[in-house]
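Chains as they are written, first to last, in the working numbering: chain U, 54 to 356; chain G, 54 to 356; chain Z, 127 to 400; chain A, 127 to 400.
Since the hints were made in silico from the structure, they are not lab data.
Be careful, since some hints might not be right.
[Unchecked claim] Simulated pairs of lysine to aspartate or glutamate, DMTMM-like, Cα-Cα distance not exceeding 20 Å: (1) Lys192(Z) to Asp327(A); (2) Lys399(A) to Asp327(A); (3) Lys129(U) to Asp332(Z); (4) Lys224(A) to Asp144(G); (5) Lys192(A) to Glu115(U); (6) Lys243(Z) to Glu206(U); (7) Lys146(Z) to Glu389(Z); (8) Lys243(A) to Glu176(A); (9) Lys167(G) to Glu115(G); (10) Lys177(Z) to Asp193(Z); (11) Lys221(Z) to Glu389(A); (12) Lys381(Z) to Asp85(U); (13) Lys243(A) to Glu115(G); (14) Lys192(Z) to Glu389(A); (15) Lys170(A) to Glu233(A); (16) Lys170(Z) to Asp193(Z); (17) Lys129(G) to Asp354(A); (18) Lys351(Z) to Glu300(Z); (19) Lys221(A) to Glu233(Z); (20) Lys243(Z) to Asp132(U); (21) Lys129(G) to Glu206(G); (22) Lys253(Z) to Asp354(Z); (23) Lys129(U) to Glu81(U); (24) Lys381(A) to Glu170(G); (25) Lys192(A) to Glu228(Z); (26) Lys192(Z) to Glu176(A); (27) Lys381(Z) to Asp106(U); (28) Lys279(A) to Glu233(A); (29) Lys221(A) to Glu115(G); (30) Lys192(A) to Glu377(Z); (31) Lys192(Z) to Glu115(U); (32) Lys224(Z) to Asp309(A); (33) Lys399(Z) to Glu81(U); (34) Lys177(A) to Glu115(G); (35) Lys326(A) to Asp309(A).
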Amino acid sequence: MVNLSVDIKGLALKNPVMTASGCSGFGEELTDFYDVSELGGILLKGITLRNRDGNPYPRMAETASGMLNAVGLQNKGVDYFISHIYPRIKDYNTSLIVNVNGSTVEEYVEVTEKIAELDKIAAMELNISCPNVKEGGMAFGVSCPSAEYVTREVRKVYPRPLIVKLSPNVTDVTEIAKAVEGQGADSVSLVNTFLGMAIDAVTRKPLLSTITGGLSGPAIKPIALRMVWQVSRAVKIPVIGLGGIMNATDAIEFFLAGASAIQVGTAIFKDPNIPVQIVQGIREYMYRHNVKDINNLIGGLQV
Amino acid sequence: MVNLSVDIKGLALKNPVMTASGCSGFGEELTDFYDVSELGGILLKGITLRNRDGNPYPRMAETASGMLNAVGLQNKGVDYFISHIYPRIKDYNTSLIVNVNGSTVEEYVEVTEKIAELDKIAAMELNISCPNVKEGGMAFGVSCPSAEYVTREVRKVYPRPLIVKLSPNVTDVTEIAKAVEGQGADSVSLVNTFLGMAIDAVTRKPLLSTITGGLSGPAIKPIALRMVWQVSRAVKIPVIGLGGIMNATDAIEFFLAGASAIQVGTAIFKDPNIPVQIVQGIREYMYRHNVKDINNLIGGLQV
Amino acid sequence: MLIAKMYMLVIFAGKSTRMKKVVDQFTVVSNIPYNSTNYCITLKSSLPLEKIEAGQFTNVEIPGNKDVFLRRPFSLFEVDYKSNTVSILVKILGKGSKTLTEVQSGEELSLIYPLGKGFTLPSKGEKILAVGGGSGVAPVLHLARNSHLPTEKVHVILGARSASDHIPVDHYSEWATCHYTTDDGSLGIHGVVTSHPLFKDLTQFDRIYACGPLPMMKAVAAQAKLADVSCEVSLENLMACGFGVCLCCIEPTNKGNLCVCTEGPVFNVNNLKW
Amino acid sequence: MLIAKMYMLVIFAGKSTRMKKVVDQFTVVSNIPYNSTNYCITLKSSLPLEKIEAGQFTNVEIPGNKDVFLRRPFSLFEVDYKSNTVSILVKILGKGSKTLTEVQSGEELSLIYPLGKGFTLPSKGEKILAVGGGSGVAPVLHLARNSHLPTEKVHVILGARSASDHIPVDHYSEWATCHYTTDDGSLGIHGVVTSHPLFKDLTQFDRIYACGPLPMMKAVAAQAKLADVSCEVSLENLMACGFGVCLCCIEPTNKGNLCVCTEGPVFNVNNLKW
Ligand SMILES: Cc1cc2nc3c(=O)[nH]c(=O)nc-3n(C[C@H](O)[C@H](O)[C@H](O)COP(=O)(O)OP(=O)(O)OC[C@H]3O[C@@H](n4cnc5c(N)ncnc54)[C@H](O)[C@@H]3O)c2cc1C
Ligand SMILES: Cc1cc2nc3c(=O)[nH]c(=O)nc-3n(C[C@H](O)[C@H](O)[C@H](O)COP(=O)(O)OP(=O)(O)OC[C@H]3O[C@@H](n4cnc5c(N)ncnc54)[C@H](O)[C@@H]3O)c2cc1C
Ligand SMILES: Cc1cc2nc3c(=O)[nH]c(=O)nc-3n(C[C@H](O)[C@H](O)[C@H](O)COP(=O)(O)O)c2cc1C
Ligand SMILES: Cc1cc2nc3c(=O)[nH]c(=O)nc-3n(C[C@H](O)[C@H](O)[C@H](O)COP(=O)(O)O)c2cc1C
Ligand code: FES
Ligand code: FES
Chain U
54 MVNLSVDIKG LALKNPVMTA SGCSGFGEEL TDFYDVSELG GILLKGITLR
104 NRDGNPYPRM AETASGMLNA VGLQNKGVDY FISHIYPRIK DYNTSLIVNV
154 NGSTVEEYVE VTEKIAELDK IAAMELNISC PNVKEGGMAF GVSCPSAEYV
204 TREVRKVYPR PLIVKLSPNV TDVTEIAKAV EGQGADSVSL VNTFLGMAID
254 AVTRKPLLST ITGGLSGPAI KPIALRMVWQ VSRAVKIPVI GLGGIMNATD
304 AIEFFLAGAS AIQVGTAIFK DPNIPVQIVQ GIREYMYRHN VKDINNLIGG
354 LQV
Chain G
54 MVNLSVDIKG LALKNPVMTA SGCSGFGEEL TDFYDVSELG GILLKGITLR
104 NRDGNPYPRM AETASGMLNA VGLQNKGVDY FISHIYPRIK DYNTSLIVNV
154 NGSTVEEYVE VTEKIAELDK IAAMELNISC PNVKEGGMAF GVSCPSAEYV
204 TREVRKVYPR PLIVKLSPNV TDVTEIAKAV EGQGADSVSL VNTFLGMAID
254 AVTRKPLLST ITGGLSGPAI KPIALRMVWQ VSRAVKIPVI GLGGIMNATD
304 AIEFFLAGAS AIQVGTAIFK DPNIPVQIVQ GIREYMYRHN VKDINNLIGG
354 LQV
Chain Z
127 MLIAKMYMLV IFAGKSTRMK KVVDQFTVVS NIPYNSTNYC ITLKSSLPLE
177 KIEAGQFTNV EIPGNKDVFL RRPFSLFEVD YKSNTVSILV KILGKGSKTL
227 TEVQSGEELS LIYPLGKGFT LPSKGEKILA VGGGSGVAPV LHLARNSHLP
277 TEKVHVILGA RSASDHIPVD HYSEWATCHY TTDDGSLGIH GVVTSHPLFK
327 DLTQFDRIYA CGPLPMMKAV AAQAKLADVS CEVSLENLMA CGFGVCLCCI
377 EPTNKGNLCV CTEGPVFNVN NLKW
Chain A
127 MLIAKMYMLV IFAGKSTRMK KVVDQFTVVS NIPYNSTNYC ITLKSSLPLE
177 KIEAGQFTNV EIPGNKDVFL RRPFSLFEVD YKSNTVSILV KILGKGSKTL
227 TEVQSGEELS LIYPLGKGFT LPSKGEKILA VGGGSGVAPV LHLARNSHLP
277 TEKVHVILGA RSASDHIPVD HYSEWATCHY TTDDGSLGIH GVVTSHPLFK
327 DLTQFDRIYA CGPLPMMKAV AAQAKLADVS CEVSLENLMA CGFGVCLCCI
377 EPTNKGNLCV CTEGPVFNVN NLKW
């Protein structure tokens, strides 16, 4: 037997593989395919204080080894989540983590206060890095003072494990990571999407209704991996890595770079079974390479 | 007949397709395949004041739709360039542009002074964005004051068209672009490579001798395109676009986003004929869509 | 794959009202060019097929093309539960569909299916009109075949640019009365689908269905509204996942932005903001 | 492609001492598995072949694998100027080589060739030893065949883990005296290549050549140095471009970092920092 469980400062995960926010709905669609208790955790679709329709269609454009999205945090608001969705999913046998968004610090705090009431929500991911809408808070995520401010205020009202999700669209991601660590974040997750753009050369129009959108998928993996490596050496709190993870080998690379857990996003669109296959693939890697405890892999890069 | 010629503030290009620095040597290797007079211009391999061995092997790792490199500006220094290489290439019937690097402003200036003497060098590209070595100047390219400083000093000693090559590894590339514009740059080219990383999950070692390296290729195109679009709207000087351009359609997208010319880098490794094929493909696009002058495409995105 | 499949058998035993979906590896049985741009690809599963409704679709992994990253959605066209085969009709539109039409017998394709909600089937004694154009003929023919009505009660209009763009559907006369329109008059009625005489009196129909290019569906929907006949259309919005997790495929409706992949692709036009 | 090729005919007419290189579309004539990990792929050009030296290589575009972005370099193995065909010997090492071994007759592959500098051919009357292991057998056999010496003057040692890893090279007895070593003793001498008796007296040879895994080449080179016999090795450094523009493939030498793709792949060991 190998040990796959990890502890993210109080967030105990049965295994280090979670699904990324916005890429697995509220977990329900995954249950159409398999038992989500196989997963280490589910990052729920980003929620905001009030109902949001999201951005107009088209919201998606394929790119080389990746995609751009401009969903724009479509969701029915935190109250609807609590009354309608939470009851349906709360007994999933996996760690449920809410991804919280806002356009003002007050909004972040208000949503957080409501989420803090929910017993079956294991942790919260503070999204200060969605490039698609003001409410996604990328404005907060690209400067230290604002990242500090929102983290401090949210920290005050959230007693459980608090993960802050970082934007890769910055000059020095370690600065932001250290800033939120200083304000009591229990963990940082990175990366969110890169701001990108796609154009139809024939119609001469942008392919997204919002002109720019967020780039995800294997295309960004090398940059995400570099950032995880940098951040894990800059902070003491555990780092959650994501960005283009498609298989167990990718996941292992993130562990070696310093991630204590990983999230799988865009890969789910290609095959919803991938997160479960990654858990199995990690297990096989550990047997093959005689690694008894996943924690022994974390940060194990030999430089 | 369609017009393909563009003018980059005094740098007259017969067509807007150039080869990117570090991806086409000093043009000589391309002549093994075709007549380089087909090209709008050649950005020569980055040079420094003194001989540089570059980084140790391995310097390359393949990634999804791209590659990482850590060449580290291997070159024999500006004097060798002038005495040995320049005489061999100076009569190529295309615009030759030297890519200049340094670890101090003094070094940049000294190299520039020597290059300024060369009649057949049409323009200079100031590289303040190589992520692989200190001499590549990424330290200069990621903050406004340092970008301003080096541009100002180089501008003083270089009378011909001066292009400043920008790093994408920044929070707001428009700020840097405006800063160098303010110091007299005639044009900005973007993007250089993204700092990335690759790991061998089996050996647990980095795949590059330098641990991190620069990501290029189609993977980065959506981000490069977005940055070109942002910068072309923020500055008045012409913008040269690059990053993942593989074919004429990609090139047209960059023109629509606001690039006055483009460079082809990594694509050359896949097929050295691609830059020439792009020239032909642009011509065909213009016939098909009844565009008489390439300048009518530039910035033509319909938003 | 097999393991994934076994999982589900366990999990879903006795559970939930949610629709079961699978990711399954199919083998190409045949790939028949119907004309220069339309191919019929028949695929066989090694496992018993899931139950498939007319109008449901599958999201297909496109092998071998480095420029194609995501899957591509296609209507499930003909379904044979005995041989565990499904067919898809692929019209070449761009790089993914082009590559797909180059698969050869024996190759494997990964399908996610069954996806979406199908058409509302007609009740006994009803008379229906199903209109298909372009890549929209597949769901429409599937519906005609599954309607379980006498052929004279099932009218299908297929529209195309020219006779040579039409796919051979002779065997559908077993299930439907087929009509054609062509833009150039080379087959059937000269003109777009709504120029067909059947559109002169739509009130004879209890239900109208349409799938095809947006302008075509909107024209059919407008006529149906005028005649006050219930009309369902099948949308082909751009999709990333196809099973409801990405929220990329949304269509504005009276109930807000809905996912075409889970709440559709079939919508009653009354619910759309057309 | 054809246009590109025509260009060159024009440009190079009468020009320069630089080596002409081309990007050309070849058709797969055959793809023969020699054993479970080695394949011989023969490719035909529709154009007259460029002149190819033993030790030169080609950079091959790998079709159909979404995870492979760059080309992959392979030695040009057998060359037939009459039929305009070349062969490459592909050993499965990872994803690109694996995909390459799956190509079928009739498929097209894009090759950039001829790349690099080949081996120094022996002079008349000389006696040579060529040692190949792993994927390094191709250039070594090519050299043996091109050496234009009587077979008794051309000794080839091929090393492999086991008899089943060896490729069939019987017809090479026309050009060389072939010897085998295997790690498990199942064919020829039991042990690594340098355990072969020929290594007991290397001074009988005028030149030694080697290509294969780095430890093997280093071992051969060390013996050759001891015996003071000229030794050339063919390196297989990682490459991006293959024609000298990226500077990724460098090897430290007495003249500094040199590109293996243009200054090599063949180097005299005296110039290397081994
Ligand atoms: C539920 C559903 C069912 C479908 N059923 C069928 C079917 O049975 N048969 C069939 O042939 N096709 C069907 N389609 C359409 C099919 O999915 C697209 O034609 C295909 O994805 C195009 O991929 P491509 O790579 O060839 O085009 P690309 O190369 O990706 O794109 C080529 C051009 O077409 C445009 N385009 C691509 N997809 C669409 C789309 N869905 N709607 C409008 N424009 C688009 C692109 O913007 C681009 O301009 C269906 C689509 C959906 C959503
Ligand atoms: C000039 C030259 C000539 C060659 N001739 C032949 C030949 O005739 N026959 C033949 O079978 N092979 C030859 N090779 C080697 C061949 O290019 C590699 O085996 C191939 O590129 C591996 O690609 P892959 O996608 O299968 O491996 P990947 O999936 O890319 O890599 C698999 C593993 O192998 C390692 N690897 C990949 N390439 C190399 C390499 N070149 N050296 C060391 N480790 C490597 C990777 O780091 C990785 O760990 C030659 C190489 C060069 C440079
Ligand atoms: C369609 C889509 C929607 C997303 N929505 C959210 C979101 O609501 N909140 C969030 O923090 N990240 C969101 N993301 C970002 C992902 O969680 C993830 O950070 C990013 O996609 C990189 O990982 P990947 O390459 O594995 O997809 C979204 C990504 C995609 C593709
Ligand atoms: C192997 C390699 C070497 C490079 N060397 C240089 C260089 O010397 N100077 C420079 O400004 N950019 C250099 N670059 C960056 C390219 O010029 C270009 O900015 C980058 O690769 C993005 O374009 P692409 O995606 O078309 O390759 C190098 C890129 C590669 C891949
Ligand atoms: S395509 Fe992902 S939700 Fe519909
Ligand atoms: S592989 Fe590019 S220089 Fe040798």
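*Does the structure keep Lys177(Z) and Asp193(Z) at a Cα separation of 20 Å or less?*
violated, 33 Å
_Hinted pair, alpha-carbon criterion (20 Å max): Lys399(Z), Glu81(U). Please report holds or violated._
The given pair, whose Cα atoms are some 28 Å apart, is violated under the 20 Å limit.
*Satisfaction of hint between Glu176(A) and Lys192(Z), Cα-Cα up to 20 Å*: violated, 29 Å
*CA of Lys381(A) to CA of Glu170(G), is that 20 Å or under?*
violated, 29 Å
*Assess, step by step, whether the Cα of Lys224(A) is no farther than 20 Å from the Cα of Asp144(G), and give holds or violated.*
Violated, at about 45 Å.
_Restraint check for Lys129(U) with Glu81(U), where alpha carbons must lie at most 20 Å apart_ = The hint holds at about 16 Å.
*asked:* For Lys279(A) and Glu233(A), compute the direct alpha-carbon distance and say whether it is at most 20 Å.
replied: violated, 40 Å
*asked:* Checking one constraint from the list: CA of Lys326(A) to CA of Asp309(A), max 20 Å. Satisfied?
replied: Satisfied, since the Cα-Cα distance of roughly 18 Å is no more than 20 Å.
*Given the hint that Lys192(A) pairs with Glu115(U), test it: the Cα-Cα distance must not exceed 20 Å.*
holds, 14 Å
_Lys399(A) paired with Asp327(A) [C-alpha distance capped at 20 Å]_ = violated, 25 Å
*Is Lys129(U) close enough to Asp332(Z), meaning Cα to Cα at most 20 Å?*
violated, 36 Å
*asked:* Checking one constraint from the list: CA of Lys243(A) to CA of Glu115(G), max 20 Å. Satisfied?
replied: Between Lys243(A) and Glu115(G) the Cα gap is close to 25 Å, so the pair fails against 20 Å, i.e. violated.
This entry does not satisfy hints 1, 2, 3, 4, 6, 9, 10, 11, 12, 13, 14, 16, 17, 18, 20, 21, 24, 26, 28, 30, 32, 33, 34, going by the numbered hints stated previously.
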